[in-house]
Amino acid sequence: MPKAKKPRSTKLRPDLTSMTDKSVLKQSSRGEVDVDEPDNPGNRNEQAPQPAAKDSYLLLIHFEKLHDVLQAAFGWAQCHAYTFNVLKLLDPSGPSNLTSRYSRELLSLVLDDEMKDAYPNPERIKKVTDYTLADIYDGELNQGKLEILYEYDHGDGWEHSIVFLGCSDPRLRQSMGIPDDMDAVCLGGEGRPCAEDCGGPPGWEDLKALFKSKTKRDPDGRRQWYKSSRANGDPKGLDPWKWDIFEVNEALARIKG
Numbered sequence: 001m002p003k004a005k006k007p008r009s010t011k012l013r014p015d016l017t018s019m020t021d022k023s024v025l026k027q028s029s030r031g032e033v034d035v036d037e038p039d040n041p042g043n044r045n046e047q048a049p050q051p052a053a054k055d056s057y058l059l060l061i062h063f064e065k066l067h068d069v070l071q072a073a074f075g076w077a078q079c080h081a082y083t084f085n086v087l088k089l090l091d092p093s094g095p096s097n098l099t100s101r102y103s104r105e106l107l108s109l110v111l112d113d114e115m116k117d118a119y120p121n122p123e124r125i126k127k128v129t130d131y132t133l134a135d136i137y138d139g140e141l142n143q144g145k146l147e148i149l150y151e152y153d154h155g156d157g158w159e160h161s162i163v164f165l166g167c168s169d170p171r172l173r174q175s176m177g178i179p180d181d182m183d184a185v186c187l188g189g190e191g192r193p194c195a196e197d198c199g200g201p202p203g204w205e206d207l208k209a210l211f212k213s214k215t216k217r218d219p220d221g222r223r224q225w226y227k228s229s230r231a232n233g234d235p236k237g238l239d240p241w242k243w244d245i246f247e248v249n250e251a252l253a254r255i256k257g
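Every letter in the sequence shown is one number past the one before it in UniProt numbering, and letter 22, counting from 1, is 22.
Since the hints were derived computationally from the structure, they do not count as laboratory data. Any given hint could turn out to be false.
Label-pair ranges, simulated between beta-carbon atoms [stated by the list, open to error]:
| no. | residue 1 | residue 2 | range |
| --- | --- | --- | --- |
| 1 | Ser103 | Gly177 | 43 to 49 Å |
| 2 | Gln174 | Asp218 | 48 to 54 Å |
| 3 | Glu114 | Leu89 | 36 to 42 Å |
Just so you know, even glycine gets a beta-carbon here, dropped at the ideal spot from N, CA and C.
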């Protein structure tokens with residue numbers, strides 16, 4: 001039996017052992033991608049060298065732009081609505097069910113808040129353009145006790161857990177040769193982007209299993225559907241390990257302002 005294909009190496013990372021934290025974005029069922037939002041030279045104090053500790057450009061972007069960054073990082077195609085849910089951290093000693101999640105919800109950031117009165121707590125519904133990351137991570141809500149869930153495509157229900165670890169060292173941009181006009185950079189990852197409209201995590205696992213199977217049976221035509229998908233399919237088929245860090249960073253480089 002042939003061995004399974006190994007994932008592509010992602011050893012395109014600098015030695016970060018001497019640097020401070022970076023932002024980490026994780027998505028279940030397909031591996032993970034680390035995305036760092038480098039510093040903004042315009043925010044530096046040019047009068048004298050400063051200790052490599054504070055850099056707040058990441059915190060100045062709106063959640064609408066963070067959505068664009070996540071779409072590029074995870075290979076999504078901007079086909080569906082999305083929500084950022086700001087939650088209190090779950091008490092490890094308490095229940096971890098769906099009800100407890102909604103009881104932890106502090107804020108929901110949406111693209112359009114016209115339907116907010118249909119929600120149980122309309123005062124918690126805000127627009128993604130109304131909040132920057134600083135409003136959340138540097139605001140009164142945080143105090144080190146927040147979790148953010150980014151849900152894309154409410155039908156398929158793709159959830160991405162966002163963990164903010166801190167601000168990157170200002171030397172990171174120079175050490176990696178990141179262009180000054182590039183606001184976000186991918187440091188590594190693995191796994192082909194999940195297919196749009198495939199039925200969420202269970203549907204994605206079924207689709208991968210179908211392409212891996214040696215049988216030609218495909219009564220629902222899922223193989224051909226994926227190959228001909230104009231969103232983010234591939235006419236060559238589904239290689240679950242196909243991923244290119246350079247393509248991801250090219251997409252991130254196109255995100256401006």
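Hint by hint, here is what the structure shows:
1. The hinted window of 43 to 49 Å between Ser103 and Gly177 holds, with their beta carbons roughly 46 Å apart.
2. Remark: the range hint 48 to 54 Å for Gln174 to Asp218 is upheld by a beta-carbon distance near 51 Å.
3. Under the hint 36 to 42 Å, the C-beta atoms of Glu114 and Leu89, about 31 Å apart, miss the expected range.
Hint 3 from the list above is the single one not met by this structure.
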